[in-house]
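Asks: Sequence:
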Amino acid sequence: MIKRKNSLKGNCAKVLAGVLGVMMIIPINCTAKAETKGEVDTNSKRIVTYFPEWGIYPGHNGYEVSDIPWDKVTHVNYAFATIKDGKVAIFDNFAATEKSFGEKWDSPYKGNYGQIKKFKQQHPNTKVLISVGGWSQSGGFHDAAATEQSRKVFADSAVEFIRTWGFDGVDIDWEYPTFKRDGDKVDNPNDQGTPKADESEKQTFTLLLKSLRESLDSASKTDNKKYQLTAAVGCGQDKIEKTEPDKYAQYLDFINVMTYDMRGAWENKTGHQSPLYKNPYDPSSPLIKENYNVDAAMKKFESYGISKNKLIVGSPYYSRGWTGVKNDGPIKDLPGLFATATGGAKGIWDGGRAAGNHPFYYLKSTLENDPSFKKYRDPYSKVPYLYSESKGEMYTYEDEISLWEKVSYVKQNNYGGIIAWELSGDYPSKGSTLTDVIYNGFKNNLPPVVDPGKPTDPTSPTDPTNPTDPVKPDANAWVVGKDYKAGDVVSYKGKNYTCLVSHTSLEGWDPVSVASLWK
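Mapping of the sequence shown onto mature numbering (1 follows the signal peptide of the UniProt record, and there is no 0): residues -34 to -1, 1 to 485, in sequence order.
None of these hints come from the bench; they were simulated from the model. Cβ atoms here follow ideal geometry from the backbone N, Cα and C, with glycine treated the same way. Hints may contain errors.
Label pairs and their in silico Cβ distance ranges [claimed, not checked]:
| no. | residue 1 | residue 2 | range |
| --- | --- | --- | --- |
| 1 | Val446 | Ser184 | 52 to 62 angstroms |
| 2 | Asp148 | Gln169 | 49 to 59 angstroms |
| 3 | Ser10 | Gly132 | 40 to 50 angstroms |
| 4 | Gly271 | Lys187 | 27 to 37 angstroms |
| 5 | Thr464 | Glu207 | 30 to 40 angstroms |
| 6 | Asp51 | Glu207 | 29 to 39 angstroms |
| 7 | Ser32 | Gln115 | 35 to 45 angstroms |
| 8 | Val446 | Lys298 | 24 to 34 angstroms |
| 9 | Ser184 | Pro24 | 17 to 27 angstroms |
| 10 | Asn59 | Gly453 | 52 to 62 angstroms |
| 11 | Lys377 | Ser184 | 34 to 44 angstroms |
| 12 | Glu114 | Gly453 | 54 to 64 angstroms |
| 13 | Asn379 | Gln169 | 29 to 39 angstroms |
| 14 | Gly132 | Lys298 | 52 to 62 angstroms |
Taking lysine-lysine and the DSS-like style, the derived pairs with C-alpha atoms no more than 27 angstroms apart in a straight line are [claimed, not checked]:
| no. | residue 1 | residue 2 |
| --- | --- | --- |
| 15 | Lys162 | Lys205 |
| 16 | Lys409 | Lys84 |
| 17 | Lys274 | Lys377 |
Let's have the full structure, built from the sequences with the hints guiding it.
Replies: Structure follows, in structure tokens:
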């Protein structure tokens, strides 16, 4: 069983971040804007991003509501509200309602909530939901969901909360129904844990969502406004089976599947935290090897009869990492992967416990430029990682190419969109490099551009699930700088590939490195 240990959600540690460096991979059309200031056009796909309440503090370089790429996201989930006396409540009053962002003392736009009100007026088509719970603030769900009366109290308080503060709906982030744990005060003094969790929560989670749906629908009729209800749910097989997706899905507008944190420093072997597919050489148990990847998780939810358009794939804007990593993994060309480790590496986003949490901007600007680290890309799982044999550190994360693979996967499989945890980790600090990849991929079908000066990843072993095809005599070799149209066939390293998306080839866009362009 994979344990989800997320010290990011609810962690307000104010750790100063590293200095930004030179870009290595550049997103295309970074300045693309929606047709009008209030319009977000993503061809019916949802781009759901989390804004952390604590982002305004120095540990996240003062990420403010004004830094959100409003014209490129369909939803912003505000993380987090907590639960007090069975009701939805503000967690950090100063951040939410009191902090001044240059306004006068009597301004209606104080605090994050006030700033959201201000920017929603400019971007009315971007929906903002209050997310309740998270890793550290899920302790109150047990009592809130326990009885019909407590569920009604909670649901009515949620309606009052969104009416008072101007939110467009509620996102429930209960981590996790039926999973009991004590609060990790070493990592985060505000961590409540889930000390009352028991098997009854499998049903009461569903009933809580039902009560919320009823209260929100009633308020929608009264207010002549559609209030949305979503939930962020675990992707592990154990987490999925301890809930009732086939029953609760009917109450939700869509389901945010947290397809990340699949591997982490709670294990003594390295791995990918958000692999798109399994790696056939993963030495883990069959349960983990077969099920702990994005594709397996999404198909598991599909098996409950849930509409694909209701399922949203998750993307992490941060890393997980290990220290004491030996070069003893099973794949020669992917050193440091599935290798022995002694514990968690210290990340700049970590709380009191090392977990290797670096924001993407630090990984890209600092670690990718550190000569002691080498970047590798797993051709099976379609994700990168950084490994330093001299330092004994390995970091698993999302980058532009792996995110483009997810965008392509979502489109090819007709899923509803992508959620990102969380905005303040994007590159550069306060930038939108990763969000641009999602936006441009859904709106314009534009992949990220790879800097020609960036060295290619090492040759990877042949995928045993994709036997080498014989090269057709009339297939021309793939070359840089050529315009390829969808359907064109090329040969590369003894194998034929068919172009999926018309494009001009660049260094690093070969059929092996960017599988979303070639099949």
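Asks: Compare the structure with each hint and give your call.
Replies: Each hint, compared with the structure:
Here the CB-CB span from Val446 to Ser184 is close to 60 angstroms, well matched to the stated 52 to 62 angstroms. For the pair Asp148 and Gln169, the beta carbons lie near 24 angstroms from each other, so the given range of 49 to 59 angstroms is not met. At about 26 angstroms, the beta-carbon gap between Ser10 and Gly132 misses the expected band of 40 to 50 angstroms. Distance hint check: the CB atoms of Gly271 and Lys187 are about 28 angstroms apart, consistent with the given range 27 to 37 angstroms.
Hint check: Thr464 to Glu207, Cβ distance near 38 angstroms, so the stated range 30 to 40 angstroms holds. For the hinted restraint 29 to 39 angstroms between Asp51 and Glu207, the CB-CB distance of approximately 32 angstroms keeps it satisfied. The hinted range of 35 to 45 angstroms is satisfied by Ser32 and Gln115, whose Cβ atoms lie roughly 41 angstroms apart. Against the hinted window of 24 to 34 angstroms, the Cβ-Cβ separation of Val446 and Lys298 comes to about 27 angstroms, which satisfies the hint.
Between Ser184 and Pro24 the Cβ separation comes to about 42 angstroms, which falls outside the hinted range of 17 to 27 angstroms. Between Asn59 and Gly453 the beta carbons are some 58 angstroms apart, a value that agrees with the proposed interval 52 to 62 angstroms. For Lys377 and Ser184, the hinted distance range of 34 to 44 angstroms is satisfied, since their beta carbons lie about 36 angstroms from each other. Range check, Glu114 to Gly453: about 58 angstroms between beta-carbon atoms, so the 54 to 64 angstroms window is met.
Between Asn379 and Gln169 the C-beta distance comes to about 30 angstroms, which sits within the given range of 29 to 39 angstroms. Checked against the hint of 52 to 62 angstroms, the pair Gly132 and Lys298 passes, with Cβ atoms roughly 56 angstroms apart. At most 27 angstroms may separate the alpha-carbon atoms for a hinted pair to count; Lys162 and Lys205 meet this at roughly 17 angstroms. Among the hinted pairs, Lys409 with Lys84 is consistent with the structure: their alpha-carbon atoms are about 26 angstroms apart, no more than 27 angstroms.
Distance restraint check for Lys274 and Lys377: the Cα-Cα separation of roughly 11 angstroms lies within the 27 angstroms cut-off, and the hinted pair is therefore satisfied.
Figure legend: structure checked against the earlier numbered hints; hints not met, in rising order: 2, 3 and 9.
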